[in-house]
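Kindly generate the complete structure, drawing on both the sequences and the hints.
Numbering (the numbering used here), first residue to last: 1 to 275.
It should be emphasised that the hints constitute simulated quantities derived from the structure, not laboratory data. Check the hints yourself; a few may be wrong.
[Claimed, not checked] Straight-line C-alpha distance at most 30 angstroms; calculated DSS-like pairs for lysine-lysine:
no. : residue 1 : residue 2
1   : K45       : K238
2   : K45       : K246
3   : K258      : K83
4   : K4        : K70
5   : K258      : K4
6   : K83       : K70
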Amino acid sequence: MNLKGKIAISGRTDTGRVRSHNEDSIGDDIEIGCVALADGMGGYKGGEVASAIAINTIIEHLGNELPRLKNAGEMDEETGYTKESLILRDSILLGNKAIYETARSQPQYQGMGTTIVLAGFYDNRLTVAHVGDSRMYRIRSGRMEQITADHSLLQELVDRGFYSSEEAKESLNKNLVTRALGIEPTVAVDINEDLVLPGDVYMMCSDGLNDMVEDEDIRLTIQDYGANLDETADRLIKLANDNGGKDNISVMLVRILKAFPAEKSLYQKLTDWLF
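As structure tokens, then:
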């Protein structure tokens, strides 16, 4: 299904005011309804290499595999996830393998890695697959909600009761991730599935945004300027830079313009009619 006219996408990435180069990467393919953001880490240009490998590998795999699915939204009986979710997961695993093997074969990139947050839109649904602390938020009816949970030491401490959410905002350990692509031969990928509604706005970001800008300021910016996603993305980048721009800043925005139910096959229509 080509989602042009059904969803709108805008993305921005910026070096920020402190770093010398940008280790973030973003990518999307509106025809297959996929959006991705990666925040790299590593030595000499390692982070930008890792994030670029992740985005390129993932988008290429999705472009090859998603159009081959015959029945959108079909559930895999073994896992309980949709077939689309499993393809998104597998694309991340391929990205992990590509980064890991590159780091092993090229000593200058040893230890490089990247976060990833990946979204796929299909059949009025959303799958979010992620590794690391890059985030996805949903803004619906004026309310903003974080969909992903950070894979970070700080989040683990919050979950165990050592920090409150407010105390966590002031912690110096907020950027220590516990999971990333490229560090090990394989990696655990978290998957979330949800239904989408026209008018929803979904925002992905690297920690260069959410560390610099309060959630409420992000929500108000999207509420005030969300009709123009390009302007919204620009303003979010500017807010982060105005507040110090201590890290690279990346934002991806998706607005649901209209419903996009999957077309049913003749067999599905006959089954619905009979039963």
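We went through each hint and held it up to the structure:
1. K45 with K238: Roughly 25 angstroms between the alpha carbons, so the hint for K45 and K238 holds.
2. K45 with K246: Distance of about 18 angstroms is within 30 angstroms: holds.
3. K258 with K83: At roughly 23 angstroms apart (the allowed maximum being 30 angstroms), K83 and K258 satisfy the hint.
4. K4 with K70: holds (20 angstroms)
5. K258 with K4: holds (10 angstroms)
6. K83 with K70: holds (10 angstroms)
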